[in-house]
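Peer 1: In case you want the letters, here they are:
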Amino acid sequence: MILFQANDLSVRFGGIRAVDSVTFEVRQGEVFAIIGPNGAGKTTIFNLISRIYNSTSGKLLLGDTDFTQTPAWRIAGLGIARTFQNIELFPNATLLQNLLIGRHYHARTNFISEMMFLPSVRKAELRHREKVEDVIAFLGLERYRDSLIANLPYGVRKVVELGRALSIEPKLLLLDEPSSGLNVEETEGMGFWIEDIKKDLGITVIMVEHDMALVNQVSDRVMALNYGKVLAMGTPQQVQSHPEVVKAYLGGEVEGAA
Amino acid sequence: MHDAARILQLIVNGAASGCIYGLIALGFVLIYKATEMVNFAQGDVMMLGGFAAFTLIAHFHLPYWVGGILAIVITAALGYALDALIIRRVIGQPQFAVVMLTLGLGFIFRAGAGIAWGYDSVGFETPFTNKTIDIGGLILGEDSVSIIAGTVLLCGVLYLFFSRTRVGVAMQAASQNQLAAYYMGIPVRTIFSLIWAISAGVACLAGILLSPISMIDVNMGSLGIKAFAAAVIGGFGSIPGSVIGGVIVGIVEQFAGYKLPAGFQEVSSNIVLLLMLFVRPQGLFAERMGKRV
Amino acid sequence: MRYLFRTQYRQDIALWRHNGDRFWYGLLAVLILIAPQLLGEFYIGELGGVFIFAIAGVGLMLLVGYTGLISLGHAAFLGIGAYVNAVLLSHGVPFLLTLPAAGLFTAVCGAAIGRPTLRMSGLYLAIATLAFGSIVGTVFQKWTAVTGGFDGFAVPTPYVFGIAVESATGLYYVAGAVLAFVLWLSANLLRAPTGRAMVAIRDSEVSAQSMGIYLARYKTLAFAISAGMTGLAGALFAHYVRFLAPDSFDVLLSVQLLTIVFVGGLGSLRGAILGAVFVRLLPQFIAIVRDDLPFGIGRLPGLEPALFGLALVLVILFQPAGLNGMWLKTKAWFQAFPFKRQANFRRQKSYAKSERLK
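Chains as they are written, first to last, in my numbering: chain A, 1 to 258; chain B, 1 to 293; chain C, 1 to 358.
Just to be clear, a hint being listed does not mean it is correct.
In the DMTMM-like style, the derived pairs of lysine to aspartate or glutamate whose C-alpha atoms are separated by at most 25 angstroms in a straight line are [unchecked claim]:
(1) A:Lys171 to A:Glu130
(2) B:Lys33 to C:Asp12
(3) C:Lys329 to A:Asp146
(4) A:Lys131 to C:Asp151
(5) B:Lys259 to B:Glu36
(6) A:Lys199 to A:Asp146
(7) A:Lys123 to C:Asp21
(8) A:Lys123 to C:Asp12
(9) A:Lys131 to A:Glu142
(10) C:Lys142 to B:Glu266
(11) B:Lys131 to B:Asp217
(12) C:Lys331 to C:Glu41
(13) A:Lys171 to C:Asp12
(14) A:Lys198 to A:Glu188
(15) C:Lys331 to A:Asp146
(16) A:Lys199 to A:Asp20
(17) A:Lys198 to A:Asp220
Source of the hints: derived by calculation from the structure; they are not laboratory data. Owing to the predicted nature of the structure, the values given are computational and were not obtained by experimental measurement.
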């Protein structure tokens, strides 16, 4: 079953075609990786999907819903969560608050009842807290629960951002370079979490990633991009041995690439 | 006086006071482009510059030109010190910390000027005071003409400075990309302090040019808020933009005073500012883009 | 040191974290209630002034300290609240209606100014609100039919449940009650989704949006709530000064209100109160030492604004967490005594973060 589709997606910044008629689809329950050299347009695709950028042309579909024109703040409501390449957490709030903000879309209380903290608000808060505690337990973040994000090490923040995205309870999770800035052990841990997210939580994942070991470990299918265009798509092995892909990474002509 | 001449007169007067707003706005823009900060004390720096010129010319009896240039140099040095000693320390804090910091400095400047020069309005003799020139039957005050000419001249000088001199080009580079400029061996911090110096010098020039029209007093810094309107019209981005913005604000103000009931003249610049921000916040000359993630 | 053993989630959303809190705040409440028995009329009047400014401070704190939006025009909201209250009272509307009416009307004004300024970043917002404040100030002066212009406006005596609030003590109790109410509302809001959405907007707009937070809605809401609370403070301020002068709601007053939140410490309700104490007591302190200062410095007309400016500069340069930060550090020092962590008292190095739109 197809969960997500991008049809003929393009965006131009000035004269540059950052994303050039990219078409791909992601199946329910798979981990789909986007690879490519720097500046290939990978993060731009994420920014298009999360509607931070407007596409110049093309279509975005989640299931049967066309969300090409949906405002950015409604994207979470569709069930799409994301992380950011350089971590965009809320640094002056605690980990717990960060994850609770992830629950925002599920909040049904209005500000007047919140200002009086009516019993309904209290009940809703406790329910959100339980959901968030599930995520904390899933990612093993218990001991950082009340720390300010600003005081946490980089590797932990990366996990917190993953946790915040999970608190949204998404159908589709976009991970922008989940391993960047992490050491070998942390990257390995990230790999296991992505596998667990897929297997235990049944969430479909699209990730942009440079670390080919991680891509090989977790992804079902891979799409390679360069200069905003699709070079190849298929299993990790197929894509890595694709001559165009080798050329894009190594440069120059390819002589009899295997 | 018939209506056409009256209107022309309003335009010239408006352009003259508009040039002053433009010069203050120019100071905002130079600093903003380089450091993303806005000096809310810019009007008060102008006030200090005006008083410096007053002391040199009226007290020490220096000739107008010598005293004026000396005052500009002194105010520029103050601008340099302001950045090097105080503003530099808050780099990395949220933008509104700088807003509050410079607002606080403005109040301190005002009190300092009050202690040094008292709270009475003062003025000094300039070559343009109370003289008129006759252009094809149109009688113009030399004071207004001197402001407009001075502003145009300054824009030319700044243009040459930023395009032709090493320091000027280094400033442009540092404004566009701090890190790259730093790697290219440009002493970015000194360059920023120099930009503050230029901005203060321009403010002082505004104070000197203004003095034949309006007296110098401790509260003249409140002109700064009108200069914001000028800078916003110019899109907070370009030197000619802010001067043109200033002229627009100046002329609107004159006509508001002429046509509309009392009270509208004082708030017309604010109304222009808000309308501009609501309708076209990127200014008249710039394009709009979103934040990068 | 105190360690909290938490066994239930509801402990984390309680207003009082432990019995110590309950005890100290209870003691404070008792002291405030019996203060008029212990202190003279003059000091009670001053404390009432502190309460009124603290109400406005809490309102501004929600906007600046929690949502990260700056306003240089809050004096206008204080003024709107004051005039709405005074004008309605003079038409015979009872005080128990005019007070909320002043708050609600000002909140609507706040939403009206907040809505179009949404797209603006910190800097443009500062300029826009500065212009707004200055326009409203001019309206107070020129709209003589309503405000009386420079003749001023005598504020009628309010009645609460049939009792005239004439003395400083009466206003002190009313202001204290309103402050407690406003603090309660704010604390509730901050432990609920709306408060967290405000914090999210402060820390990262892009990711707040990705969390499903509609920036326009929450920024407008923050503006409205903040303005409304400031309007309440304005209504009480009218009774505090008893005679409204149109030029008293100027930029200097806006900066004073901002001084409350900056000196008090951004991002803390306690900070708003500490800041209000500072801002109200500074002029009193100047008045007391005025004659003892050398060279007649105490008699300079610009002294008060200059000292506010100086306080702002010093706090921003050396103590960005404000009085609240100093309070927390002192508390931590005593709790850990005789051990101390140098890092508690060291400022963290910060790096330039661009807010420029690219």
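Peer 1: If a hint holds in the structure, say so; if it doesn't, say that too.
Peer 2: To see whether the hints hold, each was checked on the structure:
no.	hint	in the structure
1	A:Lys171 to A:Glu130	holds (20 angstroms)
2	B:Lys33 to C:Asp12	violated (45 angstroms)
3	C:Lys329 to A:Asp146	holds (18 angstroms)
4	A:Lys131 to C:Asp151	violated (61 angstroms)
5	B:Lys259 to B:Glu36	violated (38 angstroms)
6	A:Lys199 to A:Asp146	violated (29 angstroms)
7	A:Lys123 to C:Asp21	holds (24 angstroms)
8	A:Lys123 to C:Asp12	holds (13 angstroms)
9	A:Lys131 to A:Glu142	holds (14 angstroms)
10	C:Lys142 to B:Glu266	holds (11 angstroms)
11	B:Lys131 to B:Asp217	holds (23 angstroms)
12	C:Lys331 to C:Glu41	violated (33 angstroms)
13	A:Lys171 to C:Asp12	violated (30 angstroms)
14	A:Lys198 to A:Glu188	holds (16 angstroms)
15	C:Lys331 to A:Asp146	holds (19 angstroms)
16	A:Lys199 to A:Asp20	violated (33 angstroms)
17	A:Lys198 to A:Asp220	holds (11 angstroms)
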